[in-house]
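Visitor: These are the residues of each chain, in order.
Protein chains: 2
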Amino acid sequence: MNTRNFISLLQDRWAQSTAVCVGLDSDYGKIPEHLKSGSVQEALFLFNTALIDATADAVCAYKIQIAYYEACGAEGIFALIKTAQYVREKYSAIPLILDAKRADIGSTNDAYAKAAFDVFGYDAITLHPYLGGEALKPFLDQKDKGCIILCRTSNNGAGEFQDLLVDGKPLYIKVARQVKETWNVNGNCAVVVGATYPKELEEVRTIVGDIPILIPGIGAQGGDVQKTVQAGKNSKGQGMIINSSRGIIFASKKKDFSDAARRETLKLRDEINQYLS
Amino acid sequence: MNTRNFISLLQDRWAQSTAVCVGLDSDYGKIPEHLKSGSVQEALFLFNTALIDATADAVCAYKIQIAYYEACGAEGIFALIKTAQYVREKYSAIPLILDAKRADIGSTNDAYAKAAFDVFGYDAITLHPYLGGEALKPFLDQKDKGCIILCRTSNNGAGEFQDLLVDGKPLYIKVARQVKETWNVNGNCAVVVGATYPKELEEVRTIVGDIPILIPGIGAQGGDVQKTVQAGKNSKGQGMIINSSRGIIFASKKKDFSDAARRETLKLRDEINQYLS
Numbered sequence: 007m008n009t010r011n012f013i014s015l016l017q018d019r020w021a022q023s024t025a026v027c028v029g030l031d032s033d034y035g036k037i038p039e040h041l042k043s044g045s046v047q048e049a050l051f052l053f054n055t056a057l058i059d060a061t062a063d064a065v066c067a068y069k070i071q072i073a074y075y076e077a078c079g080a081e082g083i084f085a086l087i088k089t090a091q092y093v094r095e096k097y098s099a100i101p102l103i104l105d106a107k108r109a110d111i112g113s114t115n116d117a118y119a120k121a122a123f124d125v126f127g128y129d130a131i132t133l134h135p136y137l138g139g140e141a142l143k144p145f146l147d148q149k150d151k152g153c154i155i156l157c158r159t160s161n162n163g164a165g166e167f168q169d170l171l172v173d174g175k176p177l178y179i180k181v182a183r184q185v186k187e188t189w190n191v192n193g194n195c196a197v198v199v200g201a202t203y204p205k206e207l208e209e210v211r212t213i214v215g216d217i218p219i220l221i222p223g224i225g226a227q228g229g230d231v232q233k234t235v236q237a238g239k240n241s242k243g244q245g246m247i248i249n250s251s252r253g254i255i256f257a258s259k260k261k262d263f264s265d266a267a268r269r270e271t272l273k274l275r276d277e278i279n280q281y282l283s
Numbered sequence: 007m008n009t010r011n012f013i014s015l016l017q018d019r020w021a022q023s024t025a026v027c028v029g030l031d032s033d034y035g036k037i038p039e040h041l042k043s044g045s046v047q048e049a050l051f052l053f054n055t056a057l058i059d060a061t062a063d064a065v066c067a068y069k070i071q072i073a074y075y076e077a078c079g080a081e082g083i084f085a086l087i088k089t090a091q092y093v094r095e096k097y098s099a100i101p102l103i104l105d106a107k108r109a110d111i112g113s114t115n116d117a118y119a120k121a122a123f124d125v126f127g128y129d130a131i132t133l134h135p136y137l138g139g140e141a142l143k144p145f146l147d148q149k150d151k152g153c154i155i156l157c158r159t160s161n162n163g164a165g166e167f168q169d170l171l172v173d174g175k176p177l178y179i180k181v182a183r184q185v186k187e188t189w190n191v192n193g194n195c196a197v198v199v200g201a202t203y204p205k206e207l208e209e210v211r212t213i214v215g216d217i218p219i220l221i222p223g224i225g226a227q228g229g230d231v232q233k234t235v236q237a238g239k240n241s242k243g244q245g246m247i248i249n250s251s252r253g254i255i256f257a258s259k260k261k262d263f264s265d266a267a268r269r270e271t272l273k274l275r276d277e278i279n280q281y282l283s
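Protein chains in written order, with the working numbering: chain A, 7 to 283; chain B, 7 to 283.
Among these hints, one or two may not hold up.
Identical copies carry no separate label here, and so any pair may be met within one copy or between two of them.
Unchecked claim - The list that follows gives simulated cross-link-like pairs (lysine-lysine, DSS-like), each with its CA atoms no further than 25 Å apart:
1) Lys42 to Lys149
2) Lys120 to Lys36
3) Lys143 to Lys36
4) Lys233 to Lys88
5) Lys88 to Lys120
6) Lys42 to Lys120
By construction, these hints were calculated from the structure, which means they are not laboratory data. Note that the structure is predicted; figures quoted are calculated from it, not measured.
Here chain A stands alone, though its shape is the one from the complex (with noise of 0.2 Å):
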């Protein structure tokens, strides 16, 4: 296998112009009646390769949200190696990250780790920072592994614990902080911000430089894209990770659902590189 390095290969598929994720949310509940005509895990393979397919030269990363995969037990497990192995084979430009939001202490973490990169064969792992830069060890130790940590979630609640003020500053702040100047020695880190908060974004942008930062919430979730670039952009006008799932997966639920999935992913990069001009 070459050598992947996360950051790089993110930084060669922004400079193609596109800052959008597509995020392989593949509800088996949820994806079209007409592929499951065979095992649960071929229909999600069919359902991934074919959205794969149709927006490869328009996104900067695919996520894979891992609890829809696990929802489906080994057949899931087995679906989303095959999707990583596939995007390697055919489209090896293009950076792999696992939504997993994992963190446990460091021996455990060393089996995480070997999980999410060496078994199913990702680029980047979310993480949460809740046990500290210590136990992350065996994430952050990974120089080509992107370590994606969360900092301000897109969910309604995010503030309950988030926004608790430390020496005077919300949480997220005193995590984004650490991340910037203690745990990102290789350079591989990045951080989570969600959307839906563009001033807390921006908060976290001036705060962590160039980092990237991974952004769910456009889309279902009602984040807004002309904010977000705002708030998001780095010193390069580059530096986001735009995640859409469901606004890009399930935009159509019938046999057009990869022509669906194309186009609102044009469209949102478009409306982004709008932003970003």
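Given chain A, put chain B in place with the hints provided.
Guide: Just chain B, lined up with the frame of chain A:
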């Protein structure tokens, strides 16, 4: 399937005078070689069922650390599901904890909850608090399922965020308060506090009242049994799920591994009971 209620099962086990939880952190690389003549999933299943048969009369719960199973790909997930089926069929009185440390936005947590409870077949799951109680509703709303929230973890670097002062009290205290006061409306919550921090354990016990506390960190991680029991017991002299993983399941890596596991389980059970009496 009969209705199983996590907290009721746990209380019945405590009434049998055991607070020991055996952690099936079944790292394939460490399990005895003589079990590895078949597939990976067969080896994991043989290992787990031998440990379960050897310890079932002496435990209050089994805790499966999913990271070690994910590191074996789909085969690991098969083993994890089959292990739960085995316990439910043969030892139906014993509750099963999925140590997965999940938490995402609500729609994603729907899928995680389906995976953990319906597909994998576990009675309880460990959860990160960072996204707040609103996001965790798909777990919290299931009255029969245990929601075990990370409060003060056992790792060396746990304090990086967990000790940050919020209104003059550490963040983990705030988490414990939220669980007790607002998340536990269905009486199905528990919290995690590491045995490596007995002072913090005592503080959390004061705050959460009789809510169960899952206590990892005994054994390989260095937690002291006497201090743990004195700090962690509730008003009924119960309420603790004291987990040991490596110290029990890898007590021997030879053919006598299950005998050694039983010996260590009984030793820990008796030591705990000595300090409870």
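Visitor: Determine for every hint whether it applies to the structure shown.
Guide: Checked hints:
1. Lys42 to Lys149: neither (39 Å within a copy, 33 Å between copies)
2. Lys120 to Lys36: between (30 Å within a copy, 15 Å between copies)
3. Lys143 to Lys36: between (37 Å within a copy, 21 Å between copies)
4. Lys233 to Lys88: Answer is neither; intra-copy 36 Å and inter-copy 48 Å both fail.
5. Lys88 to Lys120: both (17 Å within a copy, 22 Å between copies)
6. Lys42 to Lys120: The answer is between: 20 Å across copies meets 25 Å, while 31 Å in one copy does not.
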